[in-house]
Amino acid sequence: MAATTAPPGYLLHLADNALVLGQRNAEWCAHGPVLEEDIAMANISLDLIGQARMLYQHAAAVQGDGATEDSLAYFRDQQEFRNFTLLELPHHGPLAGTAVAPRDYATTIVRNFLYGAFALRQWEALQSSRDAQLAAIAARALKEVKYHLRHSRDWLVRMGDGTDESHARAQAALDHLLPYTQEFWTVSADEAAAIADGTGADPLALRPAWDSELDAALAQATLRRPAGHGYLPRGKQGLHSEHLGYLLGEMQSLARQHPGATW
Amino acid sequence: MAATTAPPGYLLHLADNALVLGQRNAEWCAHGPVLEEDIAMANISLDLIGQARMLYQHAAAVQGDGATEDSLAYFRDQQEFRNFTLLELPHHGPLAGTAVAPRDYATTIVRNFLYGAFALRQWEALQSSRDAQLAAIAARALKEVKYHLRHSRDWLVRMGDGTDESHARAQAALDHLLPYTQEFWTVSADEAAAIADGTGADPLALRPAWDSELDAALAQATLRRPAGHGYLPRGKQGLHSEHLGYLLGEMQSLARQHPGATW
Amino acid sequence: DALQQAFDARIDADARIEPQDWMPEAYRKTLVRQISQHAHSEIIGMQPEGNWISRAPSLKRKAILLAKVQDEGGHGLYLYSAAETLGVSRDALLDALHAGKAKYSSIFNYPTLTWADVGVIGWLVDGAAIMNQVPICRCSYGPYARAMIRICKEESFHQRQGYENLMAMMKGTAAQRAMVQESVNRWYWPVLAMFGPPDADSPNSALGMRWGIKRISNDDLRQKFVDATVPQAAILGVTLPDPDLKWNEERGHHDYGAIDWDDFWAVVNGNGPCNKERLATRVQAHREGQWVRDAALAHARKQQARALKEAA
Amino acid sequence: DALQQAFDARIDADARIEPQDWMPEAYRKTLVRQISQHAHSEIIGMQPEGNWISRAPSLKRKAILLAKVQDEGGHGLYLYSAAETLGVSRDALLDALHAGKAKYSSIFNYPTLTWADVGVIGWLVDGAAIMNQVPICRCSYGPYARAMIRICKEESFHQRQGYENLMAMMKGTAAQRAMVQESVNRWYWPVLAMFGPPDADSPNSALGMRWGIKRISNDDLRQKFVDATVPQAAILGVTLPDPDLKWNEERGHHDYGAIDWDDFWAVVNGNGPCNKERLATRVQAHREGQWVRDAALAHARKQQARALKEAA
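Residue numbers (the working numbering), protein chains in the order written: chain C, 15 to 277; chain S, 15 to 277; chain L, -4 to 307; chain X, -4 to 307.
Careful: at least some of the hints might be erroneous.
As a list, the in silico DSSO-like pairs of lysine-lysine whose alpha-carbon atoms are at most 30 Å apart [said to hold, decoys possible]:
1) K160/S with K297/X
2) K98/L with K241/L
3) K98/L with K24/L
4) K219/L with K157/C
5) K148/L with K219/L
6) K297/L with K160/C
7) K148/L with K157/C
8) K96/X with K160/S
9) K166/X with K241/X
10) K148/X with K157/S
11) K24/X with K297/X
12) K219/L with K24/L
13) K166/L with K219/L
14) K55/L with K160/C
15) K148/L with K166/L
16) K96/X with K24/X
17) K98/L with K166/L
18) K157/S with K55/X
No lab work stands behind these hints, which were simulated from the structure alone.
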């Protein structure tokens, strides 16, 4: 009487999304534009790390082999990560992995909005996953992501309908990031398996609602929706940008300096 | 009939200086202000990595224990590094370890000048080290560092005696970095041991020439010499800034992902 | 006069002064200085701990650290609000900080060099802060006292978490234990200095005592801290780096070695390892955030204008 | 006319055209386009390889990689100089690159995701570049031909180093071998596309052939590359990711599978994984370096003015 569980690769995709975006958002700590945003960004990051932990714990249990939440987070290499490429990008426009540029809050906000509007609908759908554990995680994550989405949507509107500079920055961030959302609407092998066995959510079914939400928010923010075509990223299939390697190198450095240690 | 060799800690101090500054200078690769400077900075970095290799190889031989140049460079932790704090700082003004700021070529040039003027005299003195291997390394390094010093001195003058902006940037970099040179003039336990046994150079003996060179260059560059007092760094005693951890985390990440591998 | 007498009477009766009450200008100024210094310390304090969020060695520790740093931001908010009840704006206080005119706790001018520093800051730095702050929960100024009650509760939680973090490391590998000891060696003396100069050299304290803002002297708090820390260190299994530290049966307290006040004053006066970095990082964040704050303001004004237009 | 006839005669005689010689405008333009594209490729190519300098897994490999990237910068310099002999400035060429009007080799729009990519770029990308470039050493335009002779020599050295790097990894751990195979899987097809579209779809080639700028067709070069690569892959112990790859006894060549030209054109037309990153990084470096170049110019002018004053 084994319970139905989602394919491990699918759980890792969900967990990696949460961890990588949580890691990025936490980078604003002590660098936010106003104290309230330092706190908000830490809070969002904390929710995401929390989601990642539950998902990794579940994935570790499904996978067996002595895997733990930390072995999955700290001892997998870049190409084993299954997060959307969108979520690993630094907080600035398109630049090579070795480039340095100041963090841009518009990039952060636009990404959180684009992903939040997707994640909200994904968690909604996953509440009825046949994987009961995943459904329970979804119910909790849904509450959190509602706040994340409201936060980023409010700022998107403030920026778009704010000053000339904020409008231009928000538009530039949107132009940069929207093409990466194409990855939401491809179905990876892991997703196909999860959809087939009733444990996963079909992203294509979420698209119309995501599109409407995006259009409505952009209208309110007086921003233009770019074409959003271009390179189709394949991060969830393990093919990432040059940026994830640096993110993981930093995140995993201490844990890997002390293999086998407990903290 | 064991040959006289310098204390391993002293050799590591010299090697770590070369490696850490080489690592920093290489960060300009593909980001330099003009193609000739990309090439010059890569060249300087290459010389420094080469010096580090010779010094680590010598230190490894002295130390025994199966140490290699790569075990010394890649598998020591931050607090075991003995480089001057000056050399690990990022290419920008004073900021916390988590901050991001564009690379500033004035910072790079001023550091290379301040350290180059010291290193030149240190290698000169070490040519007569009682450690014959170290003396041979010094003779080779001296030739290289002469070019490094000329390069940075020329740019220091160009910047100081260039535009208002370049003058202000050079002055700001000098104000930021000069206090870190105080570390040159303290004598660590490793240095004291090396001076005592005739294998090391006494930094205090190098100071008058360094001072004159600095004053002459600043006069030509129309820059003001700041007081240069303040916090006394102790990087060569293993007490570093928040920046070295990130530098080593990145530098060592791949090697530590594959412990025991040969490349 | 009558106002001054009424104020003195409230102070003598250990009653609370509230924002609407009359108060002497020097009392108000002292409070603004102290509360804003404390607020600044909370937000500057986010930097050294924030330095390890990205590299926390387990997800659990990452979450704990994030939550803690978030709490510090929250403390900053309460405290700026408490200061605002004294008629000074947060912007004005931040401007003073960014201009280098306001102080913050000197302890945050030391770098966090290893993960153990996160635990040691929780255990020792927060522990010392609590010693300093618990008496302020009985401070004569109501909004400050109430903010401190909430803050002390959360700080105690942080201190326990810091200690627990170190305990886990002390039960771990030799490298982990060495990391803890090295960190304790670096932080112990600067933490003792956190209680401020010896009473003999601390002339401002008397008025603070009179006004019910300060209630225990620097040296008494320091002694209390040392006495509390010694058994905690023993349980943890670390050595406090003070060869003169020993129990004095007669005094009923631990004797301890001489503090290097030159080092303390050097850091207070701007020459610590990270003074420039901490302040410049704050200034950078504020400057680079200007356009975001401007956007929020511009949008709010547009919204208001639209609402007025509709109402018209 | 006479100039054209003299030019044609030199071309027919396989003699060199030199900067001072008369040449048709279309010839000059074609050369400027090709030489500057090649120069741009060298400096853009510093980015993907530069991505691993800081993380090279041994000091020896770090030094080799640094030296290689430095050489690429040097190739950029020779080539810009060769282009300048045709009456166009390096600044103008760079402006065209930064404005997105000039092309560079599309292969650099792929990311370097693992250390093995550094070796594979040396082996396959440099290998393909050499196949393309060796014929240019016999190009009709003297300065370009001479630059290419020097460049090809250095590129051959880089190719051998790349192959040796991979060989060391293939003799290493299972993880290292897997890293090499994964990298080969990612790069093989984009490298085959580096030779350009099939001859049937490559209308510009004929004129290039006539002028002695291009000497071997795209498909012939590609075949030559495949034939050379197959035995190298076998020695290395990696599998080339082409199920249709096999020796054709009759042709005396390897047959190979169909190239995905849609992917090739997508990358050429700006939609590769890193097109925006590569160009924006160049533009950023140039923009942020403006003050440095200005300083050098201002100082040189001041020096000159001083020298004139002294002379007067």
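Hints versus structure:
1. K160/S with K297/X: holds, 26 Å
2. K98/L with K241/L: violated, 34 Å
3. K98/L with K24/L: holds, 14 Å
4. K219/L with K157/C: violated, 45 Å
5. K148/L with K219/L: holds, 19 Å
6. K297/L with K160/C: holds, 26 Å
7. K148/L with K157/C: holds, 27 Å
8. K96/X with K160/S: Roughly 41 Å separates the two Cα atoms, so the pair is violated.
9. K166/X with K241/X: holds, 26 Å
10. K148/X with K157/S: Distance of about 27 Å is within 30 Å: holds.
11. K24/X with K297/X: violated, 37 Å
12. K219/L with K24/L: At roughly 29 Å apart (the allowed maximum being 30 Å), K24/L and K219/L satisfy the hint.
13. K166/L with K219/L: holds, 28 Å
14. K55/L with K160/C: Holds: K55/L and K160/C sit about 23 Å apart, inside 30 Å.
15. K148/L with K166/L: Holds, at about 27 Å.
16. K96/X with K24/X: holds, 14 Å
17. K98/L with K166/L: The given pair, whose Cα atoms are some 38 Å apart, is violated under the 30 Å limit.
18. K157/S with K55/X: holds, 21 Å
Going down the numbered hints, you'll see the structure goes against 2, 4, 8, 11, 17, while the others check out.
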